[in-house]
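Dock chain B against chain A, hints included.
Each chain, written out:
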Amino acid sequence: MTTNLDHIDAETMSAFVDGDLDPQAAATVDAHLAACGVCRGRMESMRTLLAAVARLPRSVAPPAGLWGDVRHAVDTDVRARRRERRWNVVGLAAAALITFGLLRGASRGETTAPVPPTAVDSNYTAAIAALTGTVQARRASLPGTAARTMDRSLAVIDTAIDEARRALVLDPDNQDLVGILSANYQRKVELLQRAADLSSD
Amino acid sequence: MTARPELVQNDGEGEQARARLAAAGDADAFARLYREHAGRVYALCLRMTGSPGRSTELVQDVFVRVWRRLSSWRADAALSTWIHRITLNLVISNARDEQRRRTREVSMNDTSPDTGAASGESGDTALSVAPPTVEDSIDLERAIAQLPAGARTVFVLHDIEGYSHEEIARLTGTVAGTCRAQLHRARRLLMENLTR
Chain A
1 MTTNLDHIDA ETMSAFVDGD LDPQAAATVD AHLAACGVCR GRMESMRTLL
51 AAVARLPRSV APPAGLWGDV RHAVDTDVRA RRRERRWNVV GLAAAALITF
101 GLLRGASRGE TTAPVPPTAV DSNYTAAIAA LTGTVQARRA SLPGTAARTM
151 DRSLAVIDTA IDEARRALVL DPDNQDLVGI LSANYQRKVE LLQRAADLSS
201 D
Chain B
1 MTARPELVQN DGEGEQARAR LAAAGDADAF ARLYREHAGR VYALCLRMTG
51 SPGRSTELVQ DVFVRVWRRL SSWRADAALS TWIHRITLNL VISNARDEQR
101 RRTREVSMND TSPDTGAASG ESGDTALSVA PPTVEDSIDL ERAIAQLPAG
151 ARTVFVLHDI EGYSHEEIAR LTGTVAGTCR AQLHRARRLL MENLTR
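Going line by line, the protein sequences match chains A and B. The opening residue of the first sequence carries number 1 in the working numbering; numbering runs sequentially from there. The opening residue of the second sequence carries number 1 in the working numbering; numbering runs sequentially from there.
Isolated chain A (complex conformation) (with noise of 0.2 angstroms):
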């Protein structure tokens, strides 16, 4: 604190009007102001300024068209997100088109017999069967086009899968088709949780 012969320094006396000075400083000041009419009258219009700024209203109106534009950003955004939403749909189904192209190559034979349990399989089964109850019950929610995007993606992951366990069968302990078979599940799963978040908005 500056209190020399003459004044209080601005600071100081900002200091003392929120009463951030120690006891000591602010009865330094109090002396001071009882003698000092300058200071007294620094110290009314510091107050007086203090007090006009209390009075400010704590709301202002916006412009009148505001909420119109409030309105369309929300709007926009939404839109965008949900177009972002899909376009992971897509990527999700185009990565399956890749792996379903690789696992053509892979594959030593075909079989049409059904595909007896693989171990990957339980890690997904519950999950799969719980999301696609979900988004089957909400279907109707889904916007646009969603549905049949969704439904053309799944059929390409689900053949993918398909064709990831037929190979696992006559090639048990290859670990690049279990972690094919593993991504591909995982695809499904993202596929068909992103469905059910679309369904939700």
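Derived by calculation from the structure, the hints in this document are not laboratory data. Where is the CB? At the ideal position from N, CA and C, for every residue including glycine. One or more of the hints may lead you astray.
DEER-style ranges, computed between Cβ atoms [stated by the list, open to error]:
1) A:GLY41 with B:ASP97: 37 to 45 angstroms
2) A:ARG152 with B:GLU166: 29 to 37 angstroms
3) A:ARG152 with B:ALA17: 38 to 46 angstroms
Now the stretches of chain B that chain A is said to cover, found in silico as 3 or more residues with beta-carbon under 8 angstroms [to be verified]:
4) 42-50
5) 81-93
Chain A stretches covered by chain B per the calculated footprint, using a threshold of three residues with CB under 8 angstroms from any CB of chain B [what the hints assert, rightly or not]:
6) 54-68
7) 166-173
Structure of chain B alone, referenced to chain A:
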């Protein structure tokens, strides 16, 4: 955070119900939420930026975020407090972006000395005259808008919104001592401006 009085009536359960409706996509509920809170949001944006144009953009950004995150509001704080915090974060982020763009703006670390204060001469001469008439809040709002950005931020947050220096320092990424210096500067500049 330092307690400050709620300035928007909080009817507790009614507010929660309306917020749930709005979060579920009820447009009317969201419109009502906007009507209840837009004034406070706009006031904070306007005083922190000093720009009506930038403020309307920020209000839109605030309510888009409110829309996105409303389902995460847990009612452990009043909805007005939650929206206020979203507004504050956006405004401060905007201020930092503005600071980076306008390099000639006074930085938050600018603690220009209060020259002449001790002697009562020069810049503090205005303080020695009769108290200014500040009954016209429009003049005061205008004067606040003309403050340098760093001083305005601290002044609005401390003297209008009621935050402590420590809270302001955390919000703005500076230190309490700098905030105090900026506040004193703001008050001095306002006094000078209003007595011209």
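Going down the list of hints, with the structure as the test:
1. At about 41 angstroms, the CB distance of GLY41 (chain A) to ASP97 (chain B) agrees with the hint of 37 to 45 angstroms.
2. Checked against the hint of 29 to 37 angstroms, the pair ARG152 (chain A) and GLU166 (chain B) fails, with Cβ atoms roughly 57 angstroms apart.
3. Remark: the range hint 38 to 46 angstroms for ARG152 (chain A) to ALA17 (chain B) is upheld by a beta-carbon distance near 41 angstroms.
4. Interface restraint, the stretch 42-50 of chain B with chain A: holds (3 residues with C-beta to C-beta distance below 8 angstroms; minimum three).
5. Requiring three or more residues with a Cβ within less than 8 angstroms of a Cβ of chain A, the coverage given for the stretch 81-93 of chain B is violated, as only 0 such residues are present.
6. Evaluation of the coverage hint for the stretch 54-68 of chain A: fulfilled, as 11 residues show C-beta separations to chain B shorter than 8 angstroms, against a requirement of three.
7. By the rule of at least three residues with a Cβ nearer than 8 angstroms to a Cβ of chain B, the coverage given for the stretch 166-173 of chain A is violated, with 0 such residues.
Checked against the numbered hints listed earlier, the structure breaks hints 2, 5, 7; every other hint is satisfied.
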